[in-house]
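Spelled out from the first residue to the last, the chains are:
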Amino acid sequence: MIRTSVVLNYIAKIILIIGLAIIAASFCSLIYAEAILGRMILAGLITLVIGAAIDLLIKDKNNMDINYRECFAVVTFGWLAASLFGTLPYLLTGYVPSFADALFETVSGFTTTGASIFSDVEVLPKGLLFWRALTNWLGGMGIMALFVAIIANVGVRANQIFRAEVPGPVSDKISPRIRETAKLLWITYLVMSGILIILLCLFGMDLFDSICHTFATMATGGFSTKNSSLAYYNPLIQWTVIAFMFLAGANFTLHFLAFRNRSLKGYLANAEFKLYTFIILIASAIIFIGIAQYPGWEESLRQSVFQVVSIITTTGFATADYNFWSPGSQVILLALMLVGGCAGSTAGNIKVSRYIILLEHAKVEIKQMIHPKSVWPVRYGGKPLNQALVVNVLQFFFIYIMIVAVGIIILSIFGLDLMSSISASLSCMGNIGPGFNLVGPVQNYGHLPDISKYVLSVLMFIGRLEIYPVFILFSSLFWEE
Amino acid sequence: MRSIIIGAGKMGFSIAKLLSNENHDVVIIDNNEERIRLVDEILDVQVINGTGSSWRVLEEAGVKNADMVVAVTEVDELNMIACFVAKQYGVKTTIARVRDTEYIDQPHFSLAGLLGIDLIINPEMVTAYEIFNLIKNPEAVEVDYYSDKKVQFVEFVIKEDSPIANTQLKHLDTSKFVILSLVHNNQMIVPSGDDMIRSGDHVYVITKTEDISAVLKSLRISAKKIEHVTILGAGRTGYYLARLLENESKHINVKLIEKNPLRAREVSNSLSRTLVINGDGGDLDLLTAENIGHSDIYVAVTDDDKLNLLSSLIAKNLGVKKTIAKVKKEEIMPLMTQIGVDVVLSPRVLAAGYILKYIRHGDIVSVTVHENAEMIEFKAHTGSIVVNKQLQDIRFPTGSIVGAVVRNEEVYIPSGDFRILSEDQVMVFTLPESIHKIEKLFSSRIKK
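In order, the protein sequence lines correspond to chains A and B. One point on numbering: in this note's numbering, the residue at position 481 of the first sequence is 481, and numbering is uninterrupted. One point on numbering: in this note's numbering, the residue at position 37 of the second sequence is 37, and numbering is uninterrupted.
None of these hints come from the bench; they were simulated from the model. Where a beta carbon is used, it is the ideal one built from N, C-alpha and C, also for glycine. Mixed in with the good hints, there may be bad ones.
Have a look at the derived ranges for each label pair, beta carbon to beta carbon [said to hold, decoys possible]: (1) G382(A) / K92(B): 24 to 34 Å; (2) G382(A) / E210(B): 32 to 42 Å; (3) S476(A) / K328(B): 52 to 62 Å; (4) K265(A) / S110(B): 43 to 53 Å; (5) Y267(A) / K92(B): 48 to 58 Å; (6) L268(A) / H251(B): 44 to 54 Å.
Restricting the straight-line Cα-Cα distance to at most 20 Å, the calculated cross-link-like pairs of lysine to any residue (SDA-like) are [what the hints assert, rightly or not]: (7) K373(A) / R37(B); (8) K250(B) / N133(B); (9) K259(B) / Q368(A); (10) K383(A) / I409(A); (11) K367(A) / E246(B); (12) K259(B) / E360(A); (13) K383(A) / T101(B); (14) K383(A) / L275(B); (15) K383(A) / E360(A); (16) K367(A) / N133(B); (17) K363(A) / G293(B); (18) K316(B) / V349(B); (19) K383(A) / E266(B); (20) K373(A) / L286(B); (21) K373(A) / N133(B); (22) K10(B) / R37(B); (23) K373(A) / K250(B); (24) K373(A) / D280(B); (25) K367(A) / I252(B); (26) K373(A) / E266(B); (27) K373(A) / I339(B); (28) K383(A) / G293(B); (29) K367(A) / L275(B); (30) K367(A) / V178(B); (31) K373(A) / K10(B); (32) K373(A) / T101(B).
Just need the whole structure built from these sequences, with the hints factored in.
Next up, the structure:
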């Protein structure tokens, strides 16, 4: 049974977090003495007041122990609330008059997609740019994870809330307490972000841009403060961003353990990390051989690695317009749009670990055809998986492809060409950002009709929450008493 | 010597019987009254009804004066605690049956040392090792290892078409091994060069483990490489065996058939290369479909004696060259070999023998019983009769023969002019009545 008061109680707190984040962004406007300062503060205050009001309206706070089903409601509606209130800075400052555009931009931010409706971001005030980057950063490690980490009294169900949001089929706890785990992951995230800001500053980016790009990189989001994205900056900065995109697309648990144990052995023992690295190396190598239009091998190498890492980690930064690359290179990038990073990273998409499970299951299936009565476990990282999880992954893959297909159909009905529709649907579902043709790396999503923007917003939303927490709400069983 | 045995199950019973026959004062503790009464009727031992890990019960059994405690109940933990308690009373030797490998495979510290257990025995593991040895030496009927596996003891059967049938032993090249004994028509002889090998004879041979191929060549036994092994029953024995084969013999393909789907899933989770099949070993269709006849060796180790027998026979019929079956009822062992199962093993007998081997130490390092004869390891003490003499000059009692000598970790297969030095470990194969005389040859004259 779903108790509205319980769900609202937690959502109120999420709204408060968003309100505080908007206030934080308005500080940026304060520092740069921008005209939008008042509007930004207003957006923050409205959010805070509504959050506080909902919180106050709920009188009976004794029985707030959340149950199994309510967790899904909290996660999905929490994200929905964040996306709605997140539009306020865009709408109130007047830079994005249309609600469809504002929603698209906010959802794209929180889901770390990085697809934008702006054709010119350089004219935007710094406060708004900062808010844009901040939505990326908050969504990256997860609003729920942050919520679990800083708000104490969620109880035993915190585990489930956390899991519903953390990407990937299997998640590991690094501490027996989920709150501690969420905290440690957020700290790892913070520390790595701090390091990247310092590095970017050292290599010649100014502080504001460093912070914004760090937020977008660590969250594998992809919002840039420059129209030409990372192509604006020098090769050293681009290589640094490549390295951090790569790290952000890997499992943060591995980063934490490597830091705690002072050892890199954890990476080498992880099957998913190895395959992830392998895919990047192979894809980069093929594209490197395939593209010849750049002067100098360093630039060719950088362009190919950058685009590959940007897409597989679902970041979506661009340094080159790959619409002009050879067909082979384009197909490889398109294929990477179905891969994604590692479980427990900030990356979206299907994820390497799911592919490992699918491949292992395929092997077992074939062996079973030869020996019909044989019994084989599906292993992941050497450990046998239970059948339910394998079915869950198979089903996930199926639903994922179905949703992408539906997205393609709707987009093309509303006038987008085939390649643009396919890539836009894949890119948004996978939380990547750019696609091909009309939604390519130097294009944007602003020219699409409103209906397509709503559809893509839904895809980003479903993709980020990894399907199930959203779809479960559509089952009549879920709402039964 | 006072020995306390905890657990009057089949294994406890076997050990009690063996020890009682060796003049130990045996006390058996068990909490099953009926079982206790049964043991009391059959064996000349003292029985106590109670829990073996209780100090009261142990004191009642005379633990303070006991030399040995053997805990072989069904419960691992009880066995371990009983040994732990017994050790606190100053019992010299404690032996526990522990079957859960989680307790044994401790990488960081020895549980046995912590609890004061001198010997941990796992009957299923012992059986699995025994079968594993047979798979590694497929032509042998029995295989045993001594001195860190450097010395190998093997029993062969001479086939009807063997080229060495009706050959006198002196015509064989025995530079790399010693023929300890021939069994002809159930009659065991310690042979001389004039004796003749006949088809159907059992030949007992001792050699260096690394020279086993030379032995096969000399005895004209064709060694076929084992590639496919089928195991029926994924109980502890079957699982241990599959794991051993996975770890030790990378070229062998293993099929493991298990009836219980849950158990099949469980073992397939912890094995990697083994093909685990969920099915019934008595099901001819399954055995044919899985091409069991193609296996080199078929091992039936379910808990069901009848199924083991039946399915071994089916396998034999399908063309398997060698079948190995496990039985619980020792009485039917000879019967099964008669019908056509090649090797029949009883975990209980194996485990009891293993314990006995451990108990009877002192100067004698290890002992195994082969029907009547025994292989005993003696240490040549300074000043004893055998030291510094050539073997041909020592008068060994009839029916005994020196098989191998271990000196400074090095193994020698001696010929007549071999000279024994002091501190050598000498393995002597002998009939029981001569043991006493041999002991005299090896013990220091000054001491006596």
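Going through the hints against the structure:
A hinted range of 24 to 34 Å is violated for the C-beta pair G382(A) and K92(B), which are about 44 Å apart. G382(A) and E210(B) have their C-beta atoms about 35 Å apart, which keeps the hinted 32 to 42 Å range intact. Between S476(A) and K328(B) the Cβ separation comes to about 57 Å, which falls inside the hinted range of 52 to 62 Å. As the Cβ distance of K265(A) to S110(B) is approximately 27 Å, the hint placing it in 43 to 53 Å is violated.
As the Cβ distance of Y267(A) to K92(B) is approximately 52 Å, the hint placing it in 48 to 58 Å holds. Range check, L268(A) to H251(B): Cβ separation about 29 Å, and the 44 to 54 Å hint is violated. A hinted pair counts as satisfied when its Cα atoms are at most 20 Å apart, and K373(A) with R37(B) does not qualify at roughly 47 Å. Restraint check for K250(B) and N133(B): satisfied, since their Cα atoms lie roughly 15 Å apart, inside the 20 Å limit.
Between K259(B) and Q368(A) the alpha-carbon distance is near 17 Å, which keeps this suggested pair within the 20 Å criterion. At most 20 Å may separate the alpha-carbon atoms for a hinted pair to count; K383(A) and I409(A) exceed this at roughly 40 Å. With a CA separation close to 18 Å, the supplied pair K367(A) and E246(B) stays within the 20 Å bound. A threshold of 20 Å between alpha carbons decides the hint, and for K259(B) with E360(A) the separation of about 25 Å lies outside it, so the pair is violated.
Distance restraint check for K383(A) and T101(B): the Cα-Cα separation of roughly 19 Å lies within the 20 Å cut-off, and the hinted pair is therefore satisfied. Distance hint between K383(A) and L275(B) is fulfilled; the C-alpha atoms sit about 17 Å from each other, no more than 20 Å. Pair hint K383(A) plus E360(A) holds up; C-alpha atoms about 12 Å apart against a cutoff of 20 Å. Using a Cα cut-off of 20 Å, the hinted pair K367(A) and N133(B) is violated, with the two alpha carbons roughly 30 Å apart.
The hinted pair formed by K363(A) and G293(B) fails the criterion: a straight-line CA distance of about 26 Å is larger than 20 Å. Under the criterion of a C-alpha separation no larger than 20 Å, the hint pairing K316(B) with V349(B) is inconsistent with the structure, at around 25 Å. Annotation: proposed proximity of K383(A) to E266(B) holds, straight-line Cα distance about 12 Å (limit 20 Å). At most 20 Å may separate the alpha-carbon atoms for a hinted pair to count; K373(A) and L286(B) meet this at roughly 9 Å.
With a CA separation close to 29 Å, the supplied pair K373(A) and N133(B) exceeds the 20 Å bound. Proximity of K10(B) to R37(B) is assessed by CA-CA distance (about 14 Å); at most 20 Å being required, the pair is judged to hold. For a cut-off of 20 Å, the pair hint linking K373(A) to K250(B) is broken: about 24 Å separates their Cα positions. Between K373(A) and D280(B), the direct Cα distance comes to roughly 10 Å. Compliance with the 20 Å bound is thereby established for this hinted pair.
For the proposed pair K367(A) and I252(B), the alpha carbon gap of about 18 Å is at most 20 Å, so the pair holds. As the CA atoms of K373(A) and E266(B) are separated by approximately 15 Å, the hinted pair is consistent with the 20 Å bound. A hinted pair counts as satisfied when its Cα atoms are at most 20 Å apart, and K373(A) with I339(B) does not qualify at roughly 30 Å. For the hint pairing K383(A) with G293(B), the CA-to-CA distance comes to about 33 Å; that exceeds 20 Å, so the pair is violated.
Between K367(A) and L275(B) the alpha-carbon distance is near 9 Å, which keeps this suggested pair within the 20 Å criterion. For the hint linking K367(A) to V178(B), the alpha-carbon distance of about 48 Å lies beyond 20 Å, and the restraint is violated. The suggested pairing of K373(A) with K10(B) is violated, with an alpha-carbon distance near 35 Å, which exceeds 20 Å. Note on K373(A) and T101(B): the hinted pairing is violated, with a Cα-Cα distance of about 28 Å set against a maximum of 20 Å.
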